[in-house]
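Q: What follows is each chain in one-letter form.
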Amino acid sequence: MVNLSSSQTTQIKAGPLVSDIRAWWMQESNDWDALVSGLPGLVGGPDLWDRMPAVDSKTAARSSHLFEKHFGLPLNTKLIRPGGYSSIDDMITHLVPLMEKSAKG
Amino acid sequence: MRAKFASHFTVDILRQLIPKAKIVGLSFATRLPHPSKIAPKERNNVFEGIKAHAVSQCISALLSAAGLPEMRIGNGPEGERLWPSGFVGSVTHKGTVVLSTIAPTALYSAIGIDLERVEGNEGDLDPNVIAPEGIPDYSHTPTATLLVLSAKEAVFKAQFPTTRRMLTFTEVQLDWRRTATPKFHAVGHVFGGLQLNVSAVIAAPWIITTAVRADQNV
Chain A
-4 MVNLSSSQTT
6 QIKAGPLVSD
16 IRAWWMQESN
26 DWDALVSGLP
36 GLVGGPDLWD
46 RMPAVDSKTA
56 ARSSHLFEKH
66 FGLPLNTKLI
76 RPGGYSSIDD
86 MITHLVPLME
96 KSAKG
Chain B
73 MRAKFASHFT
83 VDILRQLIPK
93 AKIVGLSFAT
103 RLPHPSKIAP
113 KERNNVFEGI
123 KAHAVSQCIS
133 ALLSAAGLPE
143 MRIGNGPEGE
153 RLWPSGFVGS
163 VTHKGTVVLS
173 TIAPTALYSA
183 IGIDLERVEG
193 NEGDLDPNVI
203 APEGIPDYSH
213 TPTATLLVLS
223 AKEAVFKAQF
233 PTTRRMLTFT
243 EVQLDWRRTA
253 TPKFHAVGHV
263 FGGLQLNVSA
273 VIAAPWIITT
283 AVRADQNV
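Protein chains in written order, with the numbering used here: chain A, -4 to 100; chain B, 73 to 290.
Watch out, some of these pointers could steer you wrong.
Here are some chain B residues the structure puts well away from chain A; computed CB gaps all over 10 Å [unchecked claim]:
hint: 1; residue: V83
hint: 2; residue: R87
hint: 3; residue: H125
hint: 4; residue: K166
The calculated EDC-like cross-link candidates involving lysine to aspartate or glutamate, where the alpha carbons are at most 16 Å apart (straight line), are [said to hold, decoys possible]:
hint: 5; chain 1: A; residue 1: K73; chain 2: A; residue 2: D42
hint: 6; chain 1: B; residue 1: K113; chain 2: A; residue 2: D26
hint: 7; chain 1: A; residue 1: K64; chain 2: B; residue 2: D198
hint: 8; chain 1: A; residue 1: K99; chain 2: A; residue 2: E63
hint: 9; chain 1: B; residue 1: K113; chain 2: A; residue 2: D28
hint: 10; chain 1: B; residue 1: K123; chain 2: A; residue 2: D45
hint: 11; chain 1: A; residue 1: K73; chain 2: B; residue 2: E150
hint: 12; chain 1: B; residue 1: K113; chain 2: A; residue 2: D84
hint: 13; chain 1: A; residue 1: K64; chain 2: B; residue 2: E150
hint: 14; chain 1: B; residue 1: K109; chain 2: A; residue 2: D28
Now the stretches of chain B that chain A is said to cover, found in silico as 3 or more residues with beta-carbon under 8 Å [said to hold, decoys possible]:
hint: 15; segment: 95 to 105
hint: 16; segment: 150 to 158
hint: 17; segment: 192 to 201
hint: 18; segment: 221 to 228
hint: 19; segment: 233 to 246
If you're looking for bench data, these hints aren't it; they were derived computationally from the structure.
Remember, it's a predicted structure, so these values are computed and weren't measured experimentally.
Cβ atoms here follow ideal geometry from the backbone N, Cα and C, with glycine treated the same way.
Go ahead and model the full structure; you've got the sequences and the hints to work with.
A: Structure below.
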């Protein structure tokens, strides 16, 4: 039996966390794309754009349950970059390593 | 011919919340084609490009409104905007709406604004993480949690030039003193003793919040 160090265990959990975050975000994006495709004619343009998913502080805070699921800790909101992120991969690249470090203690 | 930026009703709400500050806001929705006319993979790029231009135009108009010359507002090492000496300012954007404010430090020594939108997914926000001190008295808990998130974002922005601290939600405590729906008021206590006056309005689906230094008349 191989005993894993806590850092190895945390690294193993980062992979599934990243997968979960991407899957969660893909669902959000697909939901919006479906909304865009589903409306008849060209009504609702401005409101649709207002509802486009954005990787901002609110989105990062909403992902906290995923960090808690995989790392046992809710997202440390101090780590969220002011002004948000350019993409979900940008958020993952920034937050996951920082939270991984926190989880290792 | 390119469509002009449009106004937005949240601008008037913001003016009511911080009447002594200069406020400029706009909606860039009129500059965007209907999203169905853009390939899905290009929609974000198109949106972000027009948003960047809108933010730039908003700031330019804000400086002019404050009697300041045209200048580039750069960013500090933590991403904070570097306003001209003697002024405090704040910018927020959500969806197609951009709001901005600036004031001389003689009027407001600290200022922060935030704009959020109720989208029906606020149930994912954990009030124990965002508002361990409690949420304001409001009929819909997820919306109240989003209101707290927005208020604390405004506080984060207002306090940063003074403290140079990035804060967590637990390092800001809001003592809510509701006046009359849909307006909310709180005293924000920041780690280290700073106090800020926080105001918020729910104008569905939008939430507009402000935070100003407590020793200033609002």
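Q: Hint by hint, say whether it matches the structure.
A: Outcome of the hint check:
Non-interface call for B/V83 relative to chain A: holds, since the shortest CB-CB distance, roughly 15 Å, exceeds 10 Å. For B/R87, the shortest C-beta to C-beta distance to chain A comes to about 21 Å, beyond the 10 Å cut-off, and the non-interface label holds. For B/H125, the condition that its CB be more than 10 Å from all CB atoms of chain A holds, with the nearest at approximately 15 Å. A Cβ of chain A approaches the Cβ of B/K166 within 10 Å, the least distance being about 8 Å, so the stated non-interface status is violated.
A hinted pair counts as satisfied when its Cα atoms are at most 16 Å apart, and A/K73 with A/D42 does not qualify at roughly 31 Å. As the CA atoms of B/K113 and A/D26 are separated by approximately 14 Å, the hinted pair is consistent with the 16 Å bound. Of the pairs offered as hints, the one joining A/K64 and B/D198 holds, with about 14 Å between alpha carbons and a cut-off of 16 Å not exceeded. The hinted pair formed by A/K99 and A/E63 meets the criterion: a straight-line CA distance of about 14 Å does not exceed 16 Å.
Under the criterion of a C-alpha separation no larger than 16 Å, the hint pairing B/K113 with A/D28 is consistent with the structure, at around 10 Å. Distance check on the hinted pair: B/K123 and A/D45 sit about 12 Å apart at the alpha-carbon level, within 16 Å; holds. For the given pair, A/K73 sits about 12 Å from B/E150 by alpha-carbon distance, which is consistent with the 16 Å threshold. With a C-alpha separation of about 15 Å, the suggested pair B/K113 and A/D84 falls inside the 16 Å cut-off, and the hint holds.
Straight-line distance between C-alpha atoms of A/K64 and B/E150 comes to about 29 Å, which puts the hinted pair past the 16 Å bound. At most 16 Å may separate the alpha-carbon atoms for a hinted pair to count; B/K109 and A/D28 meet this at roughly 12 Å. Here the segment 95 to 105 of chain B counts 5 residues with a CB under 8 Å from a CB of chain A, which clears the bar of 3, and the coverage holds. Given as covered by chain A, the segment 150 to 158 of chain B passes the check, having 3 residues with a CB less than 8 Å from a CB of that chain where 3 are the minimum.
With 5 residues bearing a CB less than 8 Å from a CB of chain A, the segment 192 to 201 of chain B meets the requirement of three and the coverage assertion stands. Evaluation of the coverage hint for the segment 221 to 228 of chain B: fulfilled, as 3 residues show C-beta separations to chain A shorter than 8 Å, against a requirement of three. With a cut-off of 8 Å between beta carbons, the segment 233 to 246 of chain B has 5 residues touching chain A; three or more are needed, and the interface restraint holds.
Comparing the model with each earlier hint shows violations of hints 4, 5, 13; every other hint is respected.
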